[in-house]
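**Q** Full structure from sequences and hints, please.
There are 2 protein chains.
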Amino acid sequence: LTPLIDVHCHVVPKSFPEDPTGGSAPWPSVRCAACQTKAEVFMGDRAFRAIDDRSWDPARRIADMDADGVTLQVLSPMPELLSYWLPPEASSAALARVNETIASMVQARPDRFAGLGAVPLQDPELAARDLGSLKRDLGLRGVEVGSNVLGAYLGDPRFEPFFAAAEAEGMAVFVHALHPISGKDVSPMLAPFAAFPVDTALCAASLIMAGVLERYPNLRIGFSHGGGALAPLIHRMEFGWSATKGFDGRLPQSPKAYARKLYLDSLVYDGAYLAHLTELAPGRVFLGTDYPYLIQQPHPRAFLEEAGAPASAFAAAAQSFLGLPHG
Amino acid sequence: LTPLIDVHCHVVPKSFPEDPTGGSAPWPSVRCAACQTKAEVFMGDRAFRAIDDRSWDPARRIADMDADGVTLQVLSPMPELLSYWLPPEASSAALARVNETIASMVQARPDRFAGLGAVPLQDPELAARDLGSLKRDLGLRGVEVGSNVLGAYLGDPRFEPFFAAAEAEGMAVFVHALHPISGKDVSPMLAPFAAFPVDTALCAASLIMAGVLERYPNLRIGFSHGGGALAPLIHRMEFGWSATKGFDGRLPQSPKAYARKLYLDSLVYDGAYLAHLTELAPGRVFLGTDYPYLIQQPHPRAFLEEAGAPASAFAAAAQSFLGLPHG
Numbered sequence: 001l002t003p004l005i006d007v008h009c010h011v012v013p014k015s016f017p018e019d020p021t022g023g024s025a026p027w028p029s030v031r032c033a034a035c036q037t038k039a040e041v042f043m044g045d046r047a048f049r050a051i052d053d054r055s056w057d058p059a060r061r062i063a064d065m066d067a068d069g070v071t072l073q074v075l076s077p078m079p080e081l082l083s084y085w086l087p088p089e090a091s092s093a094a095l096a097r098v099n100e101t102i103a104s105m106v107q108a109r110p111d112r113f114a115g116l117g118a119v120p121l122q123d124p125e126l127a128a129r130d131l132g133s134l135k136r137d138l139g140l141r142g143v144e145v146g147s148n149v150l151g152a153y154l155g156d157p158r159f160e161p162f163f164a165a166a167e168a169e170g171m172a173v174f175v176h177a178l179h180p181i182s183g184k185d186v187s188p189m190l191a192p193f194a195a196f197p198v199d200t201a202l203c204a205a206s207l208i209m210a211g212v213l214e215r216y217p218n219l220r221i222g223f224s225h226g227g228g229a230l231a232p233l234i235h236r237m238e239f240g241w242s243a244t245k246g247f248d249g250r251l252p253q254s255p256k257a258y259a260r261k262l263y264l265d266s267l268v269y270d271g272a273y274l275a276h277l278t279e280l281a282p283g284r285v286f287l288g289t290d291y292p293y294l295i296q297q298p299h300p301r302a303f304l305e306e307a308g309a310p311a312s313a314f315a316a317a318a319q320s321f322l323g324l325p326h327g
Numbered sequence: 001l002t003p004l005i006d007v008h009c010h011v012v013p014k015s016f017p018e019d020p021t022g023g024s025a026p027w028p029s030v031r032c033a034a035c036q037t038k039a040e041v042f043m044g045d046r047a048f049r050a051i052d053d054r055s056w057d058p059a060r061r062i063a064d065m066d067a068d069g070v071t072l073q074v075l076s077p078m079p080e081l082l083s084y085w086l087p088p089e090a091s092s093a094a095l096a097r098v099n100e101t102i103a104s105m106v107q108a109r110p111d112r113f114a115g116l117g118a119v120p121l122q123d124p125e126l127a128a129r130d131l132g133s134l135k136r137d138l139g140l141r142g143v144e145v146g147s148n149v150l151g152a153y154l155g156d157p158r159f160e161p162f163f164a165a166a167e168a169e170g171m172a173v174f175v176h177a178l179h180p181i182s183g184k185d186v187s188p189m190l191a192p193f194a195a196f197p198v199d200t201a202l203c204a205a206s207l208i209m210a211g212v213l214e215r216y217p218n219l220r221i222g223f224s225h226g227g228g229a230l231a232p233l234i235h236r237m238e239f240g241w242s243a244t245k246g247f248d249g250r251l252p253q254s255p256k257a258y259a260r261k262l263y264l265d266s267l268v269y270d271g272a273y274l275a276h277l278t279e280l281a282p283g284r285v286f287l288g289t290d291y292p293y294l295i296q297q298p299h300p301r302a303f304l305e306e307a308g309a310p311a312s313a314f315a316a317a318a319q320s321f322l323g324l325p326h327g
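These protein sequence lines map, in sequence, to chains D and F. Counting from 1, one number per residue, gives the positions in the first sequence under the numbering used here. Counting from 1, one number per residue, gives the positions in the second sequence under the numbering used here.
Calculated from the structure, these hints are not laboratory results. Be a bit skeptical, because a hint or two may be false.
If chains are identical, the list can't say which one is meant, so a pair holds when it fits in one copy or spans any two.
Unchecked claim - Simulated pairs of lysine to any residue, SDA-like, Cα-Cα distance not exceeding 25 Å: (1) K256 - A313; (2) K184 - G246; (3) K38 - E80; (4) K184 - A47; (5) K14 - C32; (6) K184 - G44; (7) K261 - G132; (8) K245 - I295; (9) K256 - R301; (10) K14 - G323; (11) K14 - C35; (12) K38 - D68; (13) K38 - E160; (14) K135 - Y216; (15) K261 - S187; (16) K38 - K245; (17) K245 - R49; (18) K245 - S92; (19) K256 - A191; (20) K245 - A302; (21) K245 - Q296; (22) K38 - F303.
**A** Below you can see the structure in the form of structure tokens.
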């Protein structure tokens, strides 16, 4: 069997340092009664999510990976832990625990885990500086970032230092929806299913339109959930680019040309739509499952087969994204 | 050749009545110097769009239809004319001019035109009452509506009387993006290409989630631009519906089951994505071109062929949507 590399799965450390902010902003913590297998994540005083040992226990994860045929998990923080709403230094303290947890899991089983860390992107210069030590001191392959940071999509000029450093260091950037700006104006039940993919798509569109992919051609950037609602936006942007002579000369290449430089995960819940993404970004779609959460993709190998592309193509895309040796 | 029925193309009357509001809200007007072929639409004092005789001249339209192989145009108002921001009675006065213009074009050439009118949906009871006279007095097949009305998506309970009347009268409802609520938080250049399809998709998702399609099973409702960014949202909603036992029992059928009841136009600018929509809503996708605007679909027959479905399937979907005889 060809390898299956799951680039979208999340980790929560079993504990966090004491809140250094005095409660001025939501600091993450993990509380538990029966701490062996169950716990609850709090953001400040607010209960955020019930979790279990799949979030922190490498042996439990490897057993599940074996059951699903997953060769390698690329561990990333539960997105809420990105903590952009904390003062940057406090963020760094919380993220240090997250990054060290992921790094230690990878160091113990480098045959089964690789890691993406996190940086305080609310301070892009600080985030840029942190990338080097995540790579050299912790052996991480890249970072997970939110689709927007405190209300600004990643195409905003403030993030240029971060993208310059990510390209220079060869650190992969994995974008995940977080506190959506757009798409919230629907019923509360619908918001998780609509606002997240909308925010991811608008983030990707903002990066294309702002020329980030033009200025950093070697940046390796991937989007969770297949870029969310990205594909139909790209088609419309492509037509608009042609109809407006490149948006009045502002964008040298066409949106589809930039879309082919993006990586996308496979977590789109529909085989035919996944096949469409493999046409939009050939060789750039990798497996993502959202393990261990509610909307996790079950039977990942069978799902990839629905798209009609070989599993080896998804593994090769993951290896390219992460800078891992192929084969 | 099989018929080509273009369900998405717009009309602007050559003149409007005097503003009855005293300038308190943007009243539509058409100003021109060389009025034979060129004009400009104003909303209040704001220049909105330069138009030409394609917007009002049936002979010019028919010549273009013949060149493109379009058999029948289903005329609808330029969306900005929907005028939801006017007091309802003022809206009705502006819309009466729009509806009469469309009806007269249809009455002159019923072999080449059918018509969708407009109702003051900011007053859903009034809008519901107007539907009957649009059908009986003007011979219109349905109405065009905005994706949101003054910031409320169409799944909002306030619109129930309108949908009940549309189903009872057998009037088709064609949804077009208008003043998007969501997706504006991107660069101004990107907004027209991203915010419109996002708003259309969230409108459709809100209708599904609110149970409108459950309560009005015979409602014929179509979405411009292929539902915007709808397909990836439907896939995620479908998975969420399964994972949450029907959103905790609130939605009896699955989102994909409701999606198969929607009509969608073909204006998605990508043949492979169009093919995907024909799988999502089999027999429910009809041709739409956005004639006569900048992002108009050229060579419509060739574009439909890219999707791999026969042109007759798109024509049959249009006939079903409009209640026209088949064949």
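**Q** Decide, hint by hint, whether the structure agrees.
**A** Right, here's what the structure says about each hint:
1. K256 - A313: Cα proximity of K256 and A313: one copy only (20 Å, versus 29 Å across).
2. K184 - G246: Between copies only: 20 Å across chains, 31 Å inside a chain, cut-off 25 Å.
3. K38 - E80: Classified as within: same-chain Cα gap 18 Å, cross-chain 54 Å, threshold 25 Å.
4. K184 - A47: within (21 Å within a copy, 31 Å between copies)
5. K14 - C32: Classified as within: same-chain Cα gap 9 Å, cross-chain 70 Å, threshold 25 Å.
6. K184 - G44: within (23 Å within a copy, 31 Å between copies)
7. K261 - G132: Within one copy, since 23 Å is at most 25 Å while 53 Å is not.
8. K245 - I295: Between. Shortest inter-copy distance 12 Å satisfies the 25 Å Cα cut-off; intra-copy 41 Å does not.
9. K256 - R301: between (28 Å within a copy, 23 Å between copies)
10. K14 - G323: neither (29 Å within a copy, 61 Å between copies)
11. K14 - C35: within (9 Å within a copy, 73 Å between copies)
12. K38 - D68: within (22 Å within a copy, 64 Å between copies)
13. K38 - E160: neither (40 Å within a copy, 45 Å between copies)
14. K135 - Y216: within (19 Å within a copy, 57 Å between copies)
15. K261 - S187: between (35 Å within a copy, 21 Å between copies)
16. K38 - K245: Only across copies: K38 and K245 sit 23 Å apart there, 56 Å inside one copy, limit 25 Å.
17. K245 - R49: Intra 48 Å, inter 19 Å, cutoff 25 Å: inter-copy only.
18. K245 - S92: neither (44 Å within a copy, 39 Å between copies)
19. K256 - A191: For K256 and A191, the Cα distance is within 25 Å only across copies (17 Å; inside one copy 28 Å).
20. K245 - A302: Result: close only across copies, 23 Å inter versus 43 Å intra.
21. K245 - Q296: Between copies only: 15 Å across, 42 Å inside.
22. K38 - F303: Intra 29 Å, inter 54 Å, cutoff 25 Å: neither.
Checked against the numbered hints listed earlier, the structure breaks hints 10, 13, 18 and 22; every other hint is satisfied.
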